[in-house]
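Protein chains in written order, with the working numbering: chain F, 1 to 420; chain V, 1 to 300.
Check the hints yourself; a few may be wrong.
[Said to hold, decoys possible] Just so you have them, the derived chain F footprint on chain V, three or more residues with Cβ under 8 Å:
1. 48-55
2. 93-99
3. 248-256
[What the hints assert, rightly or not] Derived CB-CB ranges, DEER-like:
4. F:232 <-> V:130: 21 to 29 Å
5. F:418 <-> V:28: 36 to 44 Å
6. F:362 <-> V:146: 51 to 59 Å
7. F:246 <-> V:119: 40 to 48 Å
8. F:189 <-> V:167: 53 to 61 Å
9. F:347 <-> V:285: 48 to 56 Å
10. V:148 <-> F:246: 24 to 32 Å
11. F:182 <-> V:119: 26 to 34 Å
12. V:74 <-> F:179: 40 to 48 Å
13. F:79 <-> V:24: 38 to 46 Å
14. V:55 <-> F:410: 27 to 35 Å
15. V:167 <-> F:73: 54 to 62 Å
Hints are computed from structural coordinates only; laboratory data are not their basis. All values reported here derive from a predicted model rather than from experimental measurement. Built from N, CA and C at the ideal position, the CB exists for glycine as well.
Here are the chains, one letter per residue:
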Amino acid sequence: MSRKLIASLAIAGVGSLALTACAGGGGTKSTSAGTGPGGVTTLKLVVADYGTGPSNTSSKYWQSIITAFEAQNPKIKVNVTAINWNDFDNQVQTMIQNHQYPDITEGDYFANYAQEKLLYSADQVLSNPDNLLPVFKNQGSYDGVQYGMPWTTSSRTLFYNKKLFAEAGITTPPTTWAQVQTDATKIKATGNVGYGLPLGPEEAQAEALLWFLGNGGGYQNASGQYDINSTQNVQTLDFLKSFVASGVTEPNPASKNRTDLWQQFASGTIGMINGSPALIPIINSGGKLTSSDWASVQIPGKNGPLNTTLGVCDNVAAFNANGHQAAIKAFLDFAYQDKYQLQFDKEYDLLPATTSATQALSSDPIFGPFLKALPQSVQYPSTTSWANTKTQIQQTIGTALTGNPKSVLDQIQQTATKSQ
Amino acid sequence: MSTNVPRANPLRRFTPLLWVGPAAALIIGVVIWPVVVMATTSTLNISPDGFNLGSAGLGNYRELFQEIALPGVLMRTAVWVVGVVVVTMVVSLLLAQLFNQAFPGRRVARWALIAPWGASVMMTSLIFRWALNAQNGVVNVILHDLGLVNLGTDQADWLGRPVAAFVWMMAVAVFVSLPFSTYAILAGLQTMDSAVYEAARVDGASPWRIYRSITLPLLRPALIVATLINVINVFNSFPIIWEMTRGGPGYSTSTTTTFMFILKQSYIGESAALSVINFAIVVIVALVFLKVAKWKDQVD
């Protein structure tokens, strides 16, 4: 009796062992989706999802472009996959590691792929690459050639909740760190969160940079060398450490992600938070704050507001592994039309990435100020070590709030300079 | 196993191969081959984008052992496995005993126990993450209504504090491990001969004495196998930690399995080196366990 039981359970045991084994090595098979039957080329488009739910998922937006495109180009089919922002880098990287290349990605762009010669350059897949916003050209370039093509852009400002400010007796928004501390303390006294500090893995690299900039720091120095463990940056984290210790932020910022805190801001229980235009639809759909209940201002620095902000662009990259250059070019030329750029910005409250679309939007009352800030904006580094560095910042920078800022930054600096 | 193969026809000696062959092929393809690939990968210098840049010798292992987070990760893994498996087995023993009794609604109760097993572990973890939300998670709302925590405070932020988060994740791991162990033990209980119990009672043994001297020894085979499988499963458990804390903040709630995955994003070779070590740990733990539990005595 019991022997039978053992036998059947032992089989289950072998199965479990097999799982351990499978957890290891990555496959190295190469699959290339060639030209299908009837000379139809199928493009694999992988995009980050900017939507806030199924109703406005990015695959819907892309599908409308694809439908119009396929009607004009019967020989090309496009399959779109939208991936949640939290998983985008990871999943795209896994596809690349497994040599299952997409044709086009839209989301984060990494210079590594250009270095590995996996990408078409911008002029190979766009008829008019000069229409892309020039301020982001450097960020998308490797060895002087542009591979990352900005698709959508945004800049950051400090959002604040006017209702909570009034309740706490604050009349003007803060411009310095000291004022941020004072105001956050007053808001905390009303029973709400004074300042939302998302230093969890989703976007810690952005939040940290916005604070670094406020103290004249950043990820790189003026000559483009990594300078992550600079005195200014250590000072900044020392300030944040005492800021968090004073209890005016949400508890345990190292484990809090931007999306969650933005939603909490929209529900009206956070006084201040750094945001991009993408926060606006979240506020609107939350239904708790009307447009007169919040405002946004320049981000406070140590001694005064930042005169530059973080300008972020999400990029299109075209992979060459499947050899679909002509089809990709046809599709990208089609998708980069102004009307689709503007449709995207309207749908997700982001900014355009082409000169012609920017001009069409420059007088817009909401987007105008953000657009004006773009040309002076600071960008993320564009070296090939940035991908690893970014992953490490996301994973570890929050630990500086309870640990030793200097040693956390030293380790990140080591990663940034190791693989250069 | 007996090997009484008739000697008359020499070809018939190969008949067993016909039966064993497919299974052997499966094990070679699904178990052994990945292990070989994993071991090879751990000695290669592989770029983050999956290109083989040549041999790294033991460089990946050197890098791995220099990771500052590694000692903490290893220790946490030990706590994770021992804690989850011990609690699971103790609770399963009680549950199986309960389910072995006749009571009204037993069938429904037995079915209900399968639910955590049938549900995707990822979904279970997500639901627990929501339930533990510091602002409005159902667990916190209940604790708040009982006057035990204040919403939105550090106290309510279970998943933000590494130790509290780790304890909660261990609780979830126990929750999803219970059904299998309980059913394994229940199966063992049901094979028992009531005559033995009858005899014990006639001899005047107390219920506790009966449990210790009859039930537990007869359950040994079921307990050994259930424990072993749990050790392997819990050691490899990925979705609970990944969905609830992503191993963070920093690496402070990572076990070797999640740490391996985080490493894979940037350092494939090093990640493979950790896989090799993980695999070795599982094999060694299993062998030691079987040795200590005198597995062979049970089978023969």
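Going down the list of hints, with the structure as the test:
{"no.": "1", "hint": "48-55", "in the structure": "holds (count 5)"}
{"no.": "2", "hint": "93-99", "in the structure": "violated (count 0)"}
{"no.": "3", "hint": "248-256", "in the structure": "holds (count 5)"}
{"no.": "4", "hint": "F:232 <-> V:130: 21 to 29 Å", "in the structure": "39 Å, violated"}
{"no.": "5", "hint": "F:418 <-> V:28: 36 to 44 Å", "in the structure": "39 Å, holds"}
{"no.": "6", "hint": "F:362 <-> V:146: 51 to 59 Å", "in the structure": "56 Å, holds"}
{"no.": "7", "hint": "F:246 <-> V:119: 40 to 48 Å", "in the structure": "42 Å, holds"}
{"no.": "8", "hint": "F:189 <-> V:167: 53 to 61 Å", "in the structure": "32 Å, violated"}
{"no.": "9", "hint": "F:347 <-> V:285: 48 to 56 Å", "in the structure": "53 Å, holds"}
{"no.": "10", "hint": "V:148 <-> F:246: 24 to 32 Å", "in the structure": "25 Å, holds"}
{"no.": "11", "hint": "F:182 <-> V:119: 26 to 34 Å", "in the structure": "48 Å, violated"}
{"no.": "12", "hint": "V:74 <-> F:179: 40 to 48 Å", "in the structure": "46 Å, holds"}
{"no.": "13", "hint": "F:79 <-> V:24: 38 to 46 Å", "in the structure": "40 Å, holds"}
{"no.": "14", "hint": "V:55 <-> F:410: 27 to 35 Å", "in the structure": "30 Å, holds"}
{"no.": "15", "hint": "V:167 <-> F:73: 54 to 62 Å", "in the structure": "57 Å, holds"}
Comparing the model with each numbered hint stated earlier shows that hints 2, 4, 8 and 11 do not hold.
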